[in-house]
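So the protein sequences, as listed, match chains S and H.
If you use this note's numbering, the first sequence corresponds to residues 864 to 1127, in order.
If you use this note's numbering, the second sequence corresponds to residues 51 to 310, in order.
Calculated directly from the structure, the hints in this document are not laboratory data.
This structure is a prediction, so every number in the text was calculated from the model and none was measured.
Using N, Cα and C, we set each Cβ at its ideal position, and we do this for glycine too.
Treat the hints with caution; some may be incorrect.
Unchecked claim - Part of the chain H face toward chain S, derived, beta carbon under 8 Å:
| # | residue |
| --- | --- |
| 1 | Glu133 |
| 2 | Pro138 |
| 3 | Phe148 |
| 4 | Glu152 |
| 5 | Ser185 |
| 6 | Gly186 |
One-letter residues, chain by chain:
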Amino acid sequence: MSAVPVPDRARALQRREHPAARALGLVGLLVLWELLTRTGWVPALFLPSPLGVVAAGLDMLRSGDLLAHVGASLGRILVGFALGALGGVAVGLAVGVFSLAEAIGNPLIAATFPIPKIALLPLLILWLGIGEASKVAVITLGVFFPMAINTYTGVRHADPLLLRAAVSFGAGRWSLIRKVMLPSALPMIFAGLKLGAGTSLLLLVAAEMIAANSGIGFLILNAQNLMETTTLMVGIVLLSLLGLASHWLLARLERLAIPWKVDA
Amino acid sequence: MKILVEGVAKTYQDRRGQSVEALAGVTFTVEAEELVAVVGPSGCGKSTLLNLLAGLLTPSAGSVGFEGELPAGRPPTAMVFQEFALFPWRTVQANVEFGLEEAGRPAAERRLTARRYVELTGLGGFERKYPHQLSGGMRQRVGIARALAVDPAVLLMDEPFSALDAQTRQLMQEELLAIWERTRKTILYVTHNIHEAVWMADRVVVLSRRPGRVLEIVPVELKRPRTEGMLGEPAFVHAVERIWALIKSQAREALQQGAA
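Excised from the complex, chain S in its bound form (with noise of 0.2 Å):
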């Protein structure tokens, strides 16, 4: 008898990392990018090379422009990004716990959440004025809808055999909701936080090409305005830095505080 092998049949399922691709990928784009616009193919009003926008922001941060424009930007963001976090998750808590409060609240968020939030902005210029308090208003909205749905959902969704163990120890309405619902909704709260952080930054800059003086998304419709496609350059390259930092700082305070999450 001859020995019949194992066919290997693995390879069908290998899927192999390319590490050198993903940085050449990145770096081979800008270098393609720098190349374009030294030769002059595509013109600099069009299209400003990266060196020139990094050497543009150092510019803008060094005669302080830069740092008022993301200051600006931040103080709405970050106001407008807690007021709603807190209201999205008090509102999705009580719906989710009281049954009186679901009966209310719910279609009112359901008639409510569909409208685009940036359409209500004139009405908040209108009731608020043009000052701070519309654009952190329209930050606040779009903040406050994920988190209100994702906390209820996730309230909703607490596991009933835990909720019958804590009962089964005595616990009352008040330590269901503080020891298990709220836990057991935490995953889903960060999961609204960073769908917020995300409609948050679009808001704002939304916000600011309507009605500002500052912020970073004045600072690119006003570059626009000038025809200064470098600092126009500089604004997008902010926006994308301020997105990742804030996905990055969700993520840092997720593995905090769901110490007991399987992956973490």
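Got chain S sorted already, so can you dock chain H onto it with the hints?
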């Protein structure tokens, strides 16, 4: 403390609004410091019975209750769950402290009491671990420690070891018996495993298919402490055969009707 179950019936509405009779006319008692097992085919209302005693359900007819002195601050019952039901966001220590928190004990006392039961259940050194970092057997130790920590008069156990592999289950049964010898709780132990029931219990309550009725209460004439050697003794074999004879036809019907 003694458990009294008298003429208990439980009917509830299922999702389609039809009423389901889970238990009918169930009567038995569990003496103080006795370990009684309840066995029966799938869907005989075993868990319903425990939930009635834990106060998680109320009987449709009849009564459940306890008899004896209950010192202030001690709850009548504490439950150990089949799927452990540990709080994933709490460490071992904090899980064991849960019932003590709800009983309003001060923090220092909670810590000490929980420590004692962590040691008793062989969890020493694992206090700071989260449930997902533990094996099934270790998780159920936490479940047992959490229940014992509130010093209940009666320990209710709902198929506590059925989610464990056979070897771990055997070891956990021995450990539970050792803990019981030391703490002398009244234990009501629900299981579908006849060998387990006979090996552990003083008496075995055999329930019928839905609606669950008491078919017979089979006494186990084995000395304590129980040892593995007793698994071959005539008294053990006799009790197992008697219970299987009672349940066999019922279990087969359940299988054929696809009832869960």
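Hint-by-hint comparison with the structure:
no.	hint	in the structure
1	Glu133	holds (6 Å)
2	Pro138	holds (5 Å)
3	Phe148	holds (6 Å)
4	Glu152	holds (4 Å)
5	Ser185	violated (15 Å)
6	Gly186	violated (15 Å)
The structure shown violates the earlier hints numbered 5, 6.
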